[in-house]
Each structure stands twice: as structure tokens, then as C-alpha cells.
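There are 2 protein chains.
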Amino acid sequence: MNEARKRVVIIGGGFGGLYAAKGLGNHDVDVVLVDRKNHHTFQPLLYQVATAALSPGDIASPIRGILRGYKNIEVLLDAVVGFDLNERRVHLRDGADLSYDFLVVAAGATHSYFGHDQWEPFAPGLKSLEDATVIRRRVLLAFENAERTAAEGHDPGPLNFIVVGAGPTGVELAGALIEIARGVLAQDFRRIDPAQAHVILIEGGPRVLAAYPEDLSRSAAEQLGSLGVEVRTGAMVTSVEPGLVRVGEIEIPSAVTLWAAGVAASPLGKMLTPNTDRAGHVPVGPDLSLPNHPEVFVIGDLAAAKDSDGKLLPGLAAVAQQEGKATAKNIVRDLYGQPRKPFHYLDKGLLATIGRQAAVAKFGRIHLTGFIAWVAWLCVHLVLLIGFRNRVLVLVNWAWAYFAYQRGARLITDVEPIPQAQAAPAEEMKKAG
Amino acid sequence: MNEARKRVVIIGGGFGGLYAAKGLGNHDVDVVLVDRKNHHTFQPLLYQVATAALSPGDIASPIRGILRGYKNIEVLLDAVVGFDLNERRVHLRDGADLSYDFLVVAAGATHSYFGHDQWEPFAPGLKSLEDATVIRRRVLLAFENAERTAAEGHDPGPLNFIVVGAGPTGVELAGALIEIARGVLAQDFRRIDPAQAHVILIEGGPRVLAAYPEDLSRSAAEQLGSLGVEVRTGAMVTSVEPGLVRVGEIEIPSAVTLWAAGVAASPLGKMLTPNTDRAGHVPVGPDLSLPNHPEVFVIGDLAAAKDSDGKLLPGLAAVAQQEGKATAKNIVRDLYGQPRKPFHYLDKGLLATIGRQAAVAKFGRIHLTGFIAWVAWLCVHLVLLIGFRNRVLVLVNWAWAYFAYQRGARLITDVEPIPQAQAAPAEEMKKAG
Chain A
1 MNEARKRVVI
11 IGGGFGGLYA
21 AKGLGNHDVD
31 VVLVDRKNHH
41 TFQPLLYQVA
51 TAALSPGDIA
61 SPIRGILRGY
71 KNIEVLLDAV
81 VGFDLNERRV
91 HLRDGADLSY
101 DFLVVAAGAT
111 HSYFGHDQWE
121 PFAPGLKSLE
131 DATVIRRRVL
141 LAFENAERTA
151 AEGHDPGPLN
161 FIVVGAGPTG
171 VELAGALIEI
181 ARGVLAQDFR
191 RIDPAQAHVI
201 LIEGGPRVLA
211 AYPEDLSRSA
221 AEQLGSLGVE
231 VRTGAMVTSV
241 EPGLVRVGEI
251 EIPSAVTLWA
261 AGVAASPLGK
271 MLTPNTDRAG
281 HVPVGPDLSL
291 PNHPEVFVIG
301 DLAAAKDSDG
311 KLLPGLAAVA
321 QQEGKATAKN
331 IVRDLYGQPR
341 KPFHYLDKGL
351 LATIGRQAAV
361 AKFGRIHLTG
371 FIAWVAWLCV
381 HLVLLIGFRN
391 RVLVLVNWAW
401 AYFAYQRGAR
411 LITDVEPIPQ
421 AQAAPAEEMK
431 KAG
Chain B
1 MNEARKRVVI
11 IGGGFGGLYA
21 AKGLGNHDVD
31 VVLVDRKNHH
41 TFQPLLYQVA
51 TAALSPGDIA
61 SPIRGILRGY
71 KNIEVLLDAV
81 VGFDLNERRV
91 HLRDGADLSY
101 DFLVVAAGAT
111 HSYFGHDQWE
121 PFAPGLKSLE
131 DATVIRRRVL
141 LAFENAERTA
151 AEGHDPGPLN
161 FIVVGAGPTG
171 VELAGALIEI
181 ARGVLAQDFR
191 RIDPAQAHVI
201 LIEGGPRVLA
211 AYPEDLSRSA
221 AEQLGSLGVE
231 VRTGAMVTSV
241 EPGLVRVGEI
251 EIPSAVTLWA
261 AGVAASPLGK
271 MLTPNTDRAG
281 HVPVGPDLSL
291 PNHPEVFVIG
301 DLAAAKDSDG
311 KLLPGLAAVA
321 QQEGKATAKN
331 IVRDLYGQPR
341 KPFHYLDKGL
351 LATIGRQAAV
361 AKFGRIHLTG
371 FIAWVAWLCV
381 HLVLLIGFRN
391 RVLVLVNWAW
401 AYFAYQRGAR
411 LITDVEPIPQ
421 AQAAPAEEMK
431 KAG
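Top line first, the protein sequences correspond to chains A and B.
For the first sequence, the positions run 1 to 433 when the working numbering is used.
For the second sequence, the positions run 1 to 433 when the working numbering is used.
Each hint should be verified, as a subset may be incorrect.
You can't tell identical chains apart in this list, so a pair holds if it fits in one copy or across any two.
[Said to hold, decoys possible] Below, computed lysine to aspartate or glutamate pairings styled on DMTMM-like, alpha-carbon distance capped at 20 Å: (1) Lys325 x Glu214; (2) Lys6 x Glu152; (3) Lys325 x Asp131; (4) Lys71 x Glu152; (5) Lys311 x Asp277; (6) Lys22 x Asp188.
For the record, the hints were derived by calculation from the structure and aren't laboratory data.
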């Protein structure tokens, strides 16, 4: 390696890290991208893997393959366990150190149970392909277990799917679950009627999609309702147990509980600075660098980056992408002795899909709902998907799912042992004594 | 349920069980198909999932979906733990019993380590989607670990992939592995050259593809050699250890060892009769029924069915398929009081693929090798694949893999912890002291 060349270390192969790397591709700098996974995951479509519409391979792409064309970029499969900001070194899990001239930390976020980590086994969240496969397995097994219980002559009890948290992920999961029950699986069982399944979306706040304008929240709640989802806002979950969710004093039996309520930034944030916010976000300057460390950038879901009007930027793929590109440009400016430019987020809008021909979208002042919002969502996500092959496959999968009311990826692959059908109380809801 | 109607219980949703069920579809009989998995796996293409050419979803299809159109068939996700042949009952894992008038046992086979089950963790076999995902992860991680070791300034040592057993699965795996190393991954790494990887195919017998005519064995060995696979016949593996395979006194360091050497029929066979053969196959009569139990049929890889000339039928998808169809017809004949017909296997030929444009095939007296055999293999497998959707997707995947020298399914998904790079001796081979 040319010793005079500067080295940029990028942590994370999500949207932020990947676009930072691409922006530095074929420039006069050595780039090392470190990720714990060998693949980039297209997170906006994870819920489609969790609900068996797409396969894991459809929404993931090997990072090496994406960056293959840039000879100045190398990819390392490893985990970061610490930093030495003064010595400019990154500590890796297997004991080795990486030195850097510039560091870009784009380690993302994970789910938060607000101090109730004991709920996690009973209410998995959705951040990785592994999470999505676990959820897919549990959802499909719930129907299988009910059918088996019925075949043995017992009452399988109510088949409730409870989604906690009505942000975009919760809304998308709830919509997809009702579609599976009412459409996809409708003809597949002989003893139970999947269409009798209940999907309940529980939100602590006053409305679904709190980050959206109120009229779109209202429309989303209406669209969910007309699909058959029961929406309960202002309902705080007080406990999640096997087969049960408590909302205040009310017990709701649950075949599958999913967690879409909280987000916590990667623990790497706290290793960079003690000044993270409550959710673990790292405060950054206008150029997305760490205070007192202009050579360290923090981007994507891990950063508490602010808009020009001082508002915290949301945890969106589009934000991470733009931050990655901007950071790469500022590093190149440093290399050529030019002044850095502050980051400005170009708002491309908000989009959340709810189900078949149901969505809400906001582009500037334009608010869309229903079919036209759904078409907009479809187009935007096809374009965003990284890699030609994935785009074609996803299109084939979607077309198939849409026209045939089929979901091809309905595989239960073992990792967890197959649970026995859960004993559920005969009444759907009862007050706790 | 109509009590007068007879009930057929089918164990297993592989080729045998599925074709037996389809043959009974919409007949005047109740059918229950029991499988531990919710999906049918197209086993002939499993090695393509193991080597990242196809995704699990491409070669698997939910059994419920396949049989959805037959209202007299129900599917149960459960495992069989025993039989009461006199009472005509099947014992299920969750404690329930299924009674039957006819029983079709098509439980298949698994790998055998010939009494060395302790080798399994270090040399996984390939029978299920889960196996294929484990192998894919290990193969991809071997390259990642070597790259990381090199990036840390150490010598990663030789990168050997050892396949034990040169039947069709072993030959296919070896050919696909060399293709990954020399073609697919060639541009992806900066520190190591994947093309320097060695693929070694070890066979205890005198030739590869022992079940094929000698000229095709010879051609297969030649085609493997020209692709770059090192073929060692007459070599008995004496021990498999972490990072090491022993052949007699010779130690071969191994980054990944795969087992394709032995097959053992499902343990359900021994629950049906004490008279299984050495590999656990159940002897059956000319109509594939169990001696003294004409209402019990055993088909597919579990059965020791014989050809009209007394030769044991091989464990092929085509054999299981034909046996399933024939069994369904005999059950229908019983229902209508007609005499059963003995099973005759219609030999459709033998096909094994070796790599890009490399294969061997035997159709009756016609022996094909190289490109034309490979095209025949491709056509046959596309037609055999069950389900329209899978066929289209597999075609897209294959076309992509072929023209772009890319493999889209190169995902490492965690289940096993990521192993550290294995310490390998500096010399590739050395005599044990």
C-alpha cells in the first residue's frame, strides 16, 4: 500500500456506509468498509420478507459485489468493539486494530424495548434478515399450530397477531399480516379459516404514523380499518408474555406478537462520545463530524443530525444515503485542501405502504392516499433497490404475489424448535382479576 | 368427516409423498399428509443453494400451496414418532394419534457417517435447506476469514475445500465450488486470490459416479480435472477434524469439509420392520407394500424396491415420483375392488452436472458428455421443478449467474457464530509423525 495515501475506515454497510464508500470509489484514497454481515440489507422491504412476500435474497446484496468495481475499496467482515480516537484506531473483535485518517461511523440502530429487554423473546423486532426469518416462521407456524390443534379435535382459540407500535414498520407489518390471513392463506387450510385471524395494531401515542401529517395518519388508520386491522391508539403495552399482551389491565391473547415500537442507536455511539441523546444518537456538527474530531463522521440512524431549521432528521434510508454522499464529498474536499460544505437534507418525501393498493405518501405539499400512493410507493422502492438482479427478481415476485394472491416465500426453516400450540384462554379478552 | 370414507395417511412431502397425494387428489378418500417441514424441497438442486447460485425460496414450495386444489387432502405440520401397525395408528410428536386405512411412508433418507457421527459438525452433509444454508455460510466465510487474516498481515494458509464422496452430490458440489473460486469471487477480494483455492474431491471407491457407466465416470473425472478440481479416488477418509481431513496417514488442511459419502434411510424404517437392510431401507413387495401389511406402502429413498430384474432401485427423484404415482393408483384400485398392479420403474436416465457447460448423461444406450449433457440437465431440471413461479425465478437466477458470472444468493446469515480463521499448517500436506 502507498504509505502517503490517506485511509478512510467506514463502519457499516447500510445505506450511509455504502453511499460514503461509493462516493470515495476510484478517488486517491484507500477505503476499508467493515461490516458484521457480508451483505447490504434493503431495510425498507424487510417487512416483506417477514410476511413471506419476498425471499431474503431478494432484498440483500453482497457488499463485496456492490463495491467490486472500486479497486481502492476493500471490505472486511468483522465487528467493531471500540475506538481510540486520539490514536485514530478502530478495535476489531478478533483482536486486530485498523488505523485511519478519516473514520465514518454508520452503524445504524436496533430496536428498543424501553428497558423491558425481557419482552424481546416474545415480541421480536425487525432490523435484520435473521429477524425477518424468525418472524416469518412464527407467523406461518401460528396457522400451522392452529390447524393441528383443530385436527386433534381441540379448539385452537383465537388467532391474534399483535403488532406493537404504529410507525411505518408497524403499519406495514399489520397490513401485510391481514393480507396473508384474508388472501394468501384463505384456501390453504381445511380445519381453520385463516380469514378469522385478528390483526391488532397497538400504539401508545394518539395516532398512527406520528411523523406524518395528520390527514395522512387519519387516512392510514381508515385504510387499515377497511382492510380489517383493529387499530388501538393511546394504548400503552404494560407487559409482553408468552401468548399474551397486557394493555393496562386488559389481557389480549396473542399467537404472535411483533415489536415495532422503539429504536435505539447502535451501542458504538456511546463508545464515540458520552453525549448521546436518550435514544443513543450521536450529536454531530453541520458537516456531520464529531465535535473536536473533524476526522470522524457519524451518519445515518446513529447520528443526531439536524436540518437547517434545527429539527432532528428522521431515520430514513434517504437521509442516510444523502449523508453518505455528502460525507464522501467532504472527505474528498479535505484531500484536495478545499473547505467542507455543511450537509443539507433534500426532503424527497414520506411513503408508507399499508397493503394491496393502500398507502399514504407526502411529497412536499402533495399528500396522496390509497391506490395512487401505493403506485408511488412501488415505483420509488423498485428504483431504490440496489442491484439489477434484485430489481428484476423483486418485480417478478411482486407481480406474482399481486396477480395470483400468492406468496412464494412461505418457508418455515428451522432454527427455533417448533413450539407447541399455545394454550389460549377461550375468551378473546378478559379483565385481569 | 364421512365415517364410511377411507383415510390415507402419507408420511413425507418429498417427491414420493407428494406424487402419492396428488394421485389421490379428488378421489373418494380422505388424505392426510404429514411432514416435519411446511415445504417440499427440490433436492436435486440443493447443491445450488449450498453454493449460492439459488436462494432457498427458489427450490422450495409450501406443501399446502402445492396441494391447495385438492379439497380431500389435508396437510399437517408434525413429526411421526412411531406406528401401531396392528391398530393402524400413527403416533405424532405432540402426543396425538392418526388412524388410517392406508399408510404411505415416504420419509426419505439422511446422510450417514458410517459410525463416525462425531465428524458431522466438521463435515456437514446436504439433505435439507438448513444444511444448504450452513454450507453456503461456511464456504463464503472461508474466503472472508482468509481475507481478514491477510489484511492483518498474516498468511492465511492454503484455502482447501474438501468434498468427501464422489457420487452425484459430491461431483456437483466440487464443480460448483471451483466455479465460485475461479469465476464468481475472482474480482471480489483485494488481499487473497480466490482462484488459488483448491477443491479436492475424495472418493473411497475406484471411480467417481460409481452408479454410472465407466465411460461417463471417466469423462466426469476428466471434466472435473479440467475445471481445476483435484480428484482422488481409492482414498479412504480415516478422520475428519476441525480444519483437517486425514486420508490414511496423510493430513490435508481443510478450510471447509463437506460430506457427500453416505446415505442412511430414515429411522422410521426400523419402526416399521426389523428387516431393514444395512442402510436402513425397508424391503417391499412388487406393489411396494410391506410384507404382511398390504395396507402399508413404503416408497422413495426409504424403500428397498427392486426392479423387474431384481436390482435395487437407486435413490432418485424420478424413482420416488413414479412410486408415489403407482401407489396412489393401487390404493384407488383397492377402493374400487380391482386387483393391484406391480410397480415397474421406467428408467428415464441418469444426469449429473459438473459445472459450466460440463455434465454427463445417460439416456438408455445414449451417453452424453460436456455441453450437450449440460443442456439436457438444464432442460430436465427446469421441467421437473414444481410450481410455475419457482421455474421462472430459477430461470432468471440461472441466466444471471451464467451470463454475468455472478451468484446472487451469496448471503451469510447468522445461525452459527462466525468462526475465527482456522490456523492451518504452512505446508499443504505433511505426513503425520
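Against the structure, the hints:
When the C-alpha separation of Lys325 and Glu214 is checked against a cutoff of 20 Å, the pair qualifies neither within a copy, at 32 Å, nor between copies, at 60 Å. With identical chains, the CA atoms of Lys6 and Glu152 are at most 20 Å apart between copies only, with a shortest distance of 18 Å across copies and 68 Å within one. Neither within a single protomer nor between protomers do Lys325 and Asp131 lie at most 20 Å apart by alpha-carbon distance, with minima of 28 Å and 40 Å respectively. With identical chains, the CA atoms of Lys71 and Glu152 are at most 20 Å apart between copies only, with a shortest distance of 19 Å across copies and 61 Å within one.
Only within a single protomer do Lys311 and Asp277 lie at most 20 Å apart by alpha-carbon distance; the minimum there is 14 Å, versus 74 Å between protomers. Taking the shortest alpha-carbon separations for Lys22 and Asp188, only the inter-copy value of 15 Å comes in at or below 20 Å, while the best intra-copy value is 46 Å.
When held up to the earlier numbered hints, the structure conflicts with 1 and 3 and fits the remainder.
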